[in-house]
Amino acid sequence: MICQECGQRPATMHFTKIINGDKTESHLCDQCSQEKGEMFMFPGNSAFSINDLLSGLLNNNQQMSQSKESAVQNNKVLQCDRCKLTYEQFTKIGRFGCSNCYKTFQPNILPILKRLHAGNTSHTGKIPKRIGGGLHIRKEIEELKTQLQSFIATEEFEKAAEVRDRIRNLEKVLNEQGDR
Amino acid sequence: MSLEHFLNHTVNSWMNEEGPYSDIVLSSRIRLARNLNNIQFPTVATNEEGQQIIGLMMEHFAEKEVEKVGKLEFLNISELKSLEKWVLVEKHLISPQLAEESNYGACLLSPNEEVSIMINEEDHIRIQCLFPGLQLNEALELAQQFDDWMEEKLDFAFDEKLGFLTSCPTNVGTGMRASVMMHLPALVITQQINRMLPAINQLGLVVRGTYGEGSEAQGNIFQISNQITLGKSEEDIVDDLLSVVHQLITQERTAREALLKTSHIQLEDRVFRSYGILANSRIIESKEAAICLSDVRLGIDLGLIKNVSRTILNELMILTQPGFLQQYAGGPLRPNERDIRRATFIRERLKLEELKDNGGDVK
Ligand SMILES: [Zn+2]
Ligand SMILES: [Zn+2]
Numbered sequence: 001m002i003c004q005e006c007g008q009r010p011a012t013m014h015f016t017k018i019i020n021g022d023k024t025e026s027h028l029c030d031q032c033s034q035e036k037g038e039m040f041m042f043p044g045n046s047a048f049s050i051n052d053l054l055s056g057l058l059n060n061n062q063q064m065s066q067s068k069e070s071a072v073q074n075n076k077v078l079q080c081d082r083c084k085l086t087y088e089q090f091t092k093i094g095r096f097g098c099s100n101c102y103k104t105f106q107p108n109i110l111p112i113l114k115r116l117h118a119g120n121t122s123h124t125g126k127i128p129k130r131i132g133g134g135l136h137i138r139k140e141i142e143e144l145k146t147q148l149q150s151f152i153a154t155e156e157f158e159k160a161a162e163v164r165d166r167i168r169n170l171e172k173v174l175n176e177q178g179d180r
Numbered sequence: 001m002s003l004e005h006f007l008n009h010t011v012n013s014w015m016n017e018e019g020p021y022s023d024i025v026l027s028s029r030i031r032l033a034r035n036l037n038n039i040q041f042p043t044v045a046t047n048e049e050g051q052q053i054i055g056l057m058m059e060h061f062a063e064k065e066v067e068k069v070g071k072l073e074f075l076n077i078s079e080l081k082s083l084e085k086w087v088l089v090e091k092h093l094i095s096p097q098l099a100e101e102s103n104y105g106a107c108l109l110s111p112n113e114e115v116s117i118m119i120n121e122e123d124h125i126r127i128q129c130l131f132p133g134l135q136l137n138e139a140l141e142l143a144q145q146f147d148d149w150m151e152e153k154l155d156f157a158f159d160e161k162l163g164f165l166t167s168c169p170t171n172v173g174t175g176m177r178a179s180v181m182m183h184l185p186a187l188v189i190t191q192q193i194n195r196m197l198p199a200i201n202q203l204g205l206v207v208r209g210t211y212g213e214g215s216e217a218q219g220n221i222f223q224i225s226n227q228i229t230l231g232k233s234e235e236d237i238v239d240d241l242l243s244v245v246h247q248l249i250t251q252e253r254t255a256r257e258a259l260l261k262t263s264h265i266q267l268e269d270r271v272f273r274s275y276g277i278l279a280n281s282r283i284i285e286s287k288e289a290a291i292c293l294s295d296v297r298l299g300i301d302l303g304l305i306k307n308v309s310r311t312i313l314n315e316l317m318i319l320t321q322p323g324f325l326q327q328y329a330g331g332p333l334r335p336n337e338r339d340i341r342r343a344t345f346i347r348e349r350l351k352l353e354e355l356k357d358n359g360g361d362v363k
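Each protein sequence line maps, in turn, to chains D and S.
If you use UniProt numbering, the first sequence closes out at 180, no skipped numbers anywhere.
If you use UniProt numbering, the second sequence closes out at 363, no skipped numbers anywhere.
It is possible that some hints are incorrect.
One-sided excerpt, in silico: chain D residues whose CB lies under 8 Å from chain S [what the hints assert, rightly or not]:
hint : residue
1    : 97
2    : 109
3    : 121
4    : 122
5    : 125
6    : 130
7    : 157
Hint data in this document are derived by calculation from the structure and do not stem from the laboratory.
Built from N, CA and C at the ideal position, the CB exists for glycine as well.
Sequences are here, hints too, so could you generate the full structure?
Printed below as a string of structure tokens:
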């Protein structure tokens, strides 16, 4: 087979990529695959190695759950009702089909997320302003409540009263949002 | 096309501006992955859904004047020639994946190319900010600004517990990848890098050679980025990364000083041999070019080479890649032709620098 890049030298490297279920093959000579390799290995393009790892992890997980219980049935049934991706497909491509997949597969993916993210399963970063309006307020209320506790503990009642009023105000805002 | 004209039109800010710690840190980048709530992710999206995303992005963001950044240009990837796509990849403005695999990929670019927003890559939207030198906080601030701006118009997929929902589970949470590109020749020469990399990995950070793996990094350039995106805030991720980067800077500087003290003549020999190769070779492969460029860059940083500006090496590392060489040549080149062009390009570029230095007229 001749290299499809330069059309000169014999192809020594054969790559198979599967994207959206479409299989594409490329056949390159040493030199061209090196040149192409430079393109593939750009910073940020870690998808290959991480994805390989991930796919291994997911399949492992599935095998484990299959051997534990008679989960064969389970995995067949597990399908996202919005994008129709099945859990089995997910373990193969390592990608979700839509935001609803996270809900559908939640019990299965939590242990995986835990392993991928050093034991973490809860987001503690940015909350989008518009979508997370109520969430912002609830988080603030939580923080204020701990503040309130410590003011009470140190008998700083004036400050505690201030904090209490702020909590009441925020709860009012939250209720108004809920009514809408 | 004259070399200088070509350079003026291809070099973007992060290549020719010197940022903080630019003797060691080449660039800083923040990338945020975002998806829309009610449209399937690009992995499974239909053509219509892909077009729908592009439509939304054009309607809300294309040609919009953004404060401090300017008017965003919209590029439909499928309308670009393959060489043009390569050049965008080599400039680190889009990923190879977007260039090669997406049927309905697009991007929005700011005039100075500091901000590029990829559309329909692995996620619906990827906001990327790329700054010269060590400016992670600055890049984060700008990326957040763009994120807020887009969120005003779009419903992002977000979950109270899991944060931003991304196509790949490795990005869920903040959806943020922060990365820094560092030139660490002295740590490689002294072989200290091998001791440091495993420790960095244990901190939840990933180290990658720009073009290869581990210490085999071509041109001694390493990319360090966060691996964990869930359970840490954006600021904490950046802080953790910065603390490691600062340690590496200190270590690299110490190693450079030690090398100067203990092996001055060997170092000088190595640097000037590499300079000699770059200034005189007629055929040069990308790997050899990267090694020599790294040596020369070290020579400039250490004051051994005085008449070459540091930034031309940032340029050359980017501009001697296949896409750029072919763009400069005005057409496709076979690999052996590229090696010849690469050698010519580097020689010309160094000559240009010499002329400038001698006060010659290079306009
Ligand atoms: Zn070939
Ligand atoms: Zn789904």
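Results of checking the hints against the structure:
Checking residue 97 of chain D against chain S: minimum C-beta separation of about 4 Å stays under 8 Å; hint holds. For residue 109 of chain D, the shortest C-beta to C-beta distance to chain S is roughly 6 Å, which falls under 8 Å, so the interface hint holds. Below 8 Å, beta-carbon pairs count as interface contacts, and residue 121 of chain D has one with chain S at about 7 Å; its hint therefore holds. Contact between residue 122 of chain D and chain S, as hinted, is supported at the beta carbon level, the nearest pair being about 6 Å apart and thus within 8 Å.
Interface hint at residue 125 of chain D: satisfied, since its Cβ lies 4 Å from the closest Cβ of chain S, which is below the 8 Å cut-off. Residue-level restraint check for residue 130 of chain D holds (minimum Cβ-Cβ distance to chain S is 6 Å; threshold 8 Å). Interface hint status for residue 157 of chain D: violated, as the beta-carbon distance to the closest one in chain S is roughly 33 Å, over 8 Å.
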